[in-house]
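All chains should be modelled from the sequences, with the hints used to inform the complete structure.
Protein chains in written order, with numbering that gives the first Met the number 0: chain A, 0 to 291; chain B, 0 to 249.
Hints are computed from structural coordinates only; laboratory data are not their basis.
Here the structure is a predicted model, which means the values were calculated and not measured.
By construction, the Cβ of each residue, glycine as well, lies at the ideal position given by its N, Cα and C atoms.
Treat the hints with caution; some may be incorrect.
[Unchecked claim] Listed next, with one range per pair, are the computed distances between beta-carbon atoms:
1) B:W72 with A:R252: 27 to 37 angstroms
2) B:P220 with A:P83: 32 to 42 angstroms
3) A:A286 with B:D1: 44 to 54 angstroms
4) A:S144 with B:D1: 29 to 39 angstroms
5) A:D148 with B:E21: 20 to 30 angstroms
6) B:D18 with A:A283: 49 to 59 angstroms
7) B:P44 with A:E245: 50 to 60 angstroms
8) B:M236 with A:D276: 42 to 52 angstroms
What follows is each chain in one-letter form.
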Amino acid sequence: MTKGPRDKTMTVDEVVGELKDGMTIGIGGWGPRRKPMALVRAILRSDLTDLTLVSWGGADVGLLARAGRIRRLVYAFVSLDTVPLEPNFQKARQDGTIPEIVELDEGMFQAGLRAAAQRLPFLPMRAGLGSDVMVNNPWLRTVTSPYDDGEELVAVPALNLDVAMVHLNRADAHGNATYLGPDPYFDDLFAMAADRTFVTCEQIVDTAGLTVDTPVQRLLLSRMMVSGVVETPNGAHFTTCTPDYERDERFQRAYAAAASGTDEEWAAFEERFLLGDEAAYQSAVRAFGEES
Amino acid sequence: MDATRAEVCAAAVADAFKDDGEIFASPMGLMPMLGVRLAKLTSNPDLVISDGESLFLAGVPPLFAKADVVEGWIPFRKVFDVVAYGKRHVMMGATQVDREGNQNISAIGDFARPKRQLLGSRGAPGNTVNNRTSYWVPKHSPRVFVERVDVVSGVGPRRAREAGPAAARFNDIHRIITNLAVLDVGGADDTVRLLSVHPGVTVEEVQEATGFDLAAPADVPETRLPTMEELVLIREMLDPKELRHKEVPA
Numbered sequence: 000m001t002k003g004p005r006d007k008t009m010t011v012d013e014v015v016g017e018l019k020d021g022m023t024i025g026i027g028g029w030g031p032r033r034k035p036m037a038l039v040r041a042i043l044r045s046d047l048t049d050l051t052l053v054s055w056g057g058a059d060v061g062l063l064a065r066a067g068r069i070r071r072l073v074y075a076f077v078s079l080d081t082v083p084l085e086p087n088f089q090k091a092r093q094d095g096t097i098p099e100i101v102e103l104d105e106g107m108f109q110a111g112l113r114a115a116a117q118r119l120p121f122l123p124m125r126a127g128l129g130s131d132v133m134v135n136n137p138w139l140r141t142v143t144s145p146y147d148d149g150e151e152l153v154a155v156p157a158l159n160l161d162v163a164m165v166h167l168n169r170a171d172a173h174g175n176a177t178y179l180g181p182d183p184y185f186d187d188l189f190a191m192a193a194d195r196t197f198v199t200c201e202q203i204v205d206t207a208g209l210t211v212d213t214p215v216q217r218l219l220l221s222r223m224m225v226s227g228v229v230e231t232p233n234g235a236h237f238t239t240c241t242p243d244y245e246r247d248e249r250f251q252r253a254y255a256a257a258a259s260g261t262d263e264e265w266a267a268f269e270e271r272f273l274l275g276d277e278a279a280y281q282s283a284v285r286a287f288g289e290e291s
Numbered sequence: 000m001d002a003t004r005a006e007v008c009a010a011a012v013a014d015a016f017k018d019d020g021e022i023f024a025s026p027m028g029l030m031p032m033l034g035v036r037l038a039k040l041t042s043n044p045d046l047v048i049s050d051g052e053s054l055f056l057a058g059v060p061p062l063f064a065k066a067d068v069v070e071g072w073i074p075f076r077k078v079f080d081v082v083a084y085g086k087r088h089v090m091m092g093a094t095q096v097d098r099e100g101n102q103n104i105s106a107i108g109d110f111a112r113p114k115r116q117l118l119g120s121r122g123a124p125g126n127t128v129n130n131r132t133s134y135w136v137p138k139h140s141p142r143v144f145v146e147r148v149d150v151v152s153g154v155g156p157r158r159a160r161e162a163g164p165a166a167a168r169f170n171d172i173h174r175i176i177t178n179l180a181v182l183d184v185g186g187a188d189d190t191v192r193l194l195s196v197h198p199g200v201t202v203e204e205v206q207e208a209t210g211f212d213l214a215a216p217a218d219v220p221e222t223r224l225p226t227m228e229e230l231v232l233i234r235e236m237l238d239p240k241e242l243r244h245k246e247v248p249a
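In structure tokens, the structure reads:
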């Protein structure tokens, strides 16, 4: 019998079972785009806490902040785009409920992931110089070029992750995965910056199926970077997962309204959407969609 | 045809990009996008523009319309490459701008426990030490133009100088365009200076709406009116839904 690479399929709750309090978790996607929301929701159902979150943030950060799960947040922005300011994140910052805040320039963030992916302690960069990123993160250091120019640059430290979580359009059972939308974001970098990476996807297909109607350049993740694969249809909801679906703007407005409303209004949103499992979430979302 | 204030602003934004040559124009928000597209159709057809997501557009579609012809791929990772490469002019928003041309989009109040959390610094620190950066302020007021910003996201020339040659080398704060005036950082010791006031606005009004003493020459010119060609392009082609008047009321 010929042996193939191992089957890594699992459930969202099994992924969360692999996580521990205090871990550093990188969340892929970008703002309100292709976020592994099914995994974020599974974390909300667990009692995981004290997390360090590394994210170009959207509702992933907002939801985990509101639930008080974040001890340290590394971000460059948190935004829902059509709702520019993420209300749950805003509230957490203004109430001072996230103990440690690391706000970086968004390009520094990429340099930090790249350093981690390349197993380097830091990468030099111009971004950050002269700005309050250096003042508010006094542990950031500069490095002087050893060449004749002698330029003093920011030594962006590696953003090493215990776990990365990303959502792509398709994957095989071994962890090879493609994005079908216009932008890969930085999901491959997150994967390589992490000890372990869990991929959720719209659809698990056989390996040959990954390139049957899609250029090979869209194969963003290789199975050697991936520890687990979960099929979670509509799992990025309410963020975009182009071309499978776009952002659910109506749902996002309802989320933002509840998040900026009273505690009772937020509790009602949680009750309706977040207290059950992923299947219950998806069915509540369908019911919400039928109201319109 | 009488131009509205919004149309004067659009032409002023276009002028900020007219001498840029063949670079990536990155407008953030409606008025910067309108002005950049106007520049591409008039003074600088070599500008490279995008859909704000991941595509370089060969044509110049109306605001928020889908692309017609695509001429390149610019996912977020490649935007960072172009920032470092330098062939880019970004026009960002600004919740605060100070006398020294520093910009804040991060937070109002003390950073550790802000009174109001904003977006976060986004790309402002990197933009301002790598490529030409301008700002668009739709409502010129003493709340925006402050003596000192609460958080320095975008780095003004003095801060860049003080951070050393690596920071100052590509720092290039080009224009600050508001609903009242056009400014730059060409005042004494690289401070904010008044370049022109929009038709119907006085220098005194601009000074009153600014929370610091504004450098101004003895004779401040008026911002130019859009040409007939520009007005037709704005009204008939780029912004037939008049979204510009939601940002700067007619």
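| task | Would you list, in rising numerical order, the hints stated earlier that this structure does not obey? | result | 4 and 7
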